[in-house]
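Number of protein chains: 2
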Amino acid sequence: MSAKLIGACIFGQSGGPTSVINASAYGVIKTALESEAITKVYGAAHGIQGVLKDQLYVMDEEDPEELRYLLHTPSSELGSCRYKMADPDVDVTDYKRILEIFKKYNVRYFFYNGGNDSMDTCNKISRYMKSVNYDCHVMGVPKTIDNDLYGTDHCPGFGSAAKYIATSCMEINKDARVYDNKMIVIVEIMGRHAGWLAASAALATYFGSGPDLIYLPECDFDMDRFLADVDDLYRKEGKVFVAVSEGIHYADGSFVSEAKTSATDGFGHAQLGGLAGMLAEVVKEHTGAKVRGIELSLLQRCGAHLASETDIEEAFNAGKVAVENAVDGKSGYMVAFERENVDGRYHCEYTLLPLEKVANYEKKVPLEWINKNENGLTEDFIEYALPLIQGEPDLPKVNSLPRYAKLKKVLA
Amino acid sequence: MSAKLIGACIFGQSGGPTSVINASAYGVIKTALESEAITKVYGAAHGIQGVLKDQLYVMDEEDPEELRYLLHTPSSELGSCRYKMADPDVDVTDYKRILEIFKKYNVRYFFYNGGNDSMDTCNKISRYMKSVNYDCHVMGVPKTIDNDLYGTDHCPGFGSAAKYIATSCMEINKDARVYDNKMIVIVEIMGRHAGWLAASAALATYFGSGPDLIYLPECDFDMDRFLADVDDLYRKEGKVFVAVSEGIHYADGSFVSEAKTSATDGFGHAQLGGLAGMLAEVVKEHTGAKVRGIELSLLQRCGAHLASETDIEEAFNAGKVAVENAVDGKSGYMVAFERENVDGRYHCEYTLLPLEKVANYEKKVPLEWINKNENGLTEDFIEYALPLIQGEPDLPKVNSLPRYAKLKKVLA
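Note that the protein sequences, when read in sequence, are chains U and A.
Residue 412 is where the first sequence ends in the numbering used here, and the numbering goes up by one at each step.
Residue 412 is where the second sequence ends in the numbering used here, and the numbering goes up by one at each step.
Extracted from the complex, chain U is given alone in its bound form:
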């Protein structure tokens, strides 16, 4: 093996925030600061936008003790973006600019932390740098509460979101059944195309206090069948608790929430929302029941106070493994998770997956984990998800409220 590549690194965060994306940041930054091959550690302000705008924070200037708080600070502390890179075969403007910045700071390592779209960005940068013979090791660090990245058993961020959703559903279920009256509750959970998050509500049901019915975007939604499901339970029990994925859609592919949709995000994805309220209206009209719609909204992706310690550890390790492998000469990969069973216990192995294999594929909940009525999950899903929510982090608090990282963010 040739001598190690020596130079600076840039780390960037991209896409929707999670409870543990900063744990991956800490994994990358700490390992990079300790690496002899890496001369300087830059954090890009708002992901690739910070590279393009030459807005880089010098991580070497931060207090190492303060950086540790990143393990329990939700959202993307360096700032995130939803910036769609052009195809380098069509338009190289952005890539030339990135190369210019890489040369300016002698950047030889690039770590990008995000979901599907971010791995696409990462892959394009990797290909471009190769095409212009600029020696730079590029690694993707996975992140997405949506859990839809291809080629990895699960994604950092999912376990904590799943734990937030399961715990909140247990509490909502307790609350919704308190009066001696008839009542229907509809909870809307994130997940545009993959139903992993809404499926997590099944953990609450498994432990005796969760939704009666769960609808995922993996199956076509049929309003008549949905109303019949709800009506049936309502007549039998008087109380119905429904969880729906924001991405449920009719057989023709149109989102159930579509009537409420107006804006789109930077990638042309429709911005969904208002589904719970809309379904509540439909169900109220159909059953005459008192119906409450609840949207877990941003809370489910930033609820760091309910993070899974397993998720935090794996997110940290994903960042650490990315740096270690890049320094060892690897480039063009995303860190992936492989689930192993060691003496009957869950164990996570870290592997590398070529970026071009992962970019732009979406992994969905296997249809065989959805019950035959398409309104609930089987025990296979519980077995899959349960290990991912385990462990209680030792949250730093001041006055019984979260103590987040306070970075100096010194610009390069």
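No wet-lab data here; the hints were simulated from the structure.
These numbers were taken from a predicted model, which means no experiment stands behind them.
Some hints could be false.
Intra- or inter-copy, both count: the list cannot distinguish identical chains.
Stated by the list, open to error - Derived lysine-lysine pairs resembling DSSO-like cross-links, with alpha carbons at most 30 Å apart: (1) 182 with 408; (2) 84 with 236; (3) 372 with 290; (4) 406 with 182; (5) 182 with 372; (6) 239 with 408; (7) 103 with 84; (8) 330 with 104; (9) 290 with 84.
Given chain U, work out where chain A should sit, using these hints.
Just chain A, lined up with the frame of chain U:
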């Protein structure tokens, strides 16, 4: 003092659930089970409705270890109700029925756990029993996330809800500022007439990650001034985080959310909701900004995983003190909290307040704790609220999810 009154007791839960109302239940039940004067401990199913319907659970049949889980089980485990008792001077039907049940089970102690309306119920029952010379000691145990009970420094349930709101606002604030774009977030918080809960969002701001603007029902809401406040910050900062109480109203008293109102609860209170979405629409139209409305909904009142240990302890003690005083011969009182400063530290003293003094009064946030622009809180509020959210409970969990009480609920 005369010999102790010997007989059974009934405990009931009423009104909206909280994270700690079951801690009060445990305080009453445990103390009553251990009391020599109390021969049997009944829990009414769905509050006073369970008495009227002769649906009483025998608490003596429960496993004492299982009852302990009530300390961390949200919502009202015995079931709650919103049942308005008639004025006994006008219609004694319900009171006669209650007397019949009391006689049937030799009930000599009645403990009722709830907010304003429940203290009114409690007071009416106490007066009726006296008027018919039925010897029964009646005690109210306070409870309300709204924190609006008269004559008590604060109410069990408020501290935990405040902690949930403050923590969630800190997380939402982190999430809302992640992108390098302009963005307005509006969070709707419970509180029909008193703004204590929305005010709690100021704790998040005080610790560096909370709403920029907070609007309470204690002040008349002026839409033009509100839009000017938001617009001003939006132009300066690009990001605005607003918290509003569901009960904000115009100078004429009409609720801002009123257009969205249809149903009313059992007491004729308007059922509010949909305010965040409505204000988001108005702000979007006015500023052209991307605006997200978030309703904390039921989550804020049942978020036991974020309960304040101080709140749990005080809720337990409120129940305990109610039983101890009733056995000692007191009747017609509500347990109240007095704040003391012991060597510079917060301390809670338990006192008794005549029920007729507390029933149907609403305690609001003092106007001098609201800033002069009527869009934020002063440090006096922080000093008041901070001690109430302190302490991390040792939550029983199974598989990293809450383990709630599982009662047998054997009917008498």
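Hint check results:
no.	hint	in the structure
1	182 with 408	between (54 Å within a copy, 23 Å between copies)
2	84 with 236	between (50 Å within a copy, 28 Å between copies)
3	372 with 290	within (28 Å within a copy, 40 Å between copies)
4	406 with 182	between (48 Å within a copy, 22 Å between copies)
5	182 with 372	within (27 Å within a copy, 44 Å between copies)
6	239 with 408	between (51 Å within a copy, 20 Å between copies)
7	103 with 84	within (23 Å within a copy, 75 Å between copies)
8	330 with 104	within (23 Å within a copy, 81 Å between copies)
9	290 with 84	between (44 Å within a copy, 19 Å between copies)
Consistency with the previously given hints is maintained throughout, with no hint failing.
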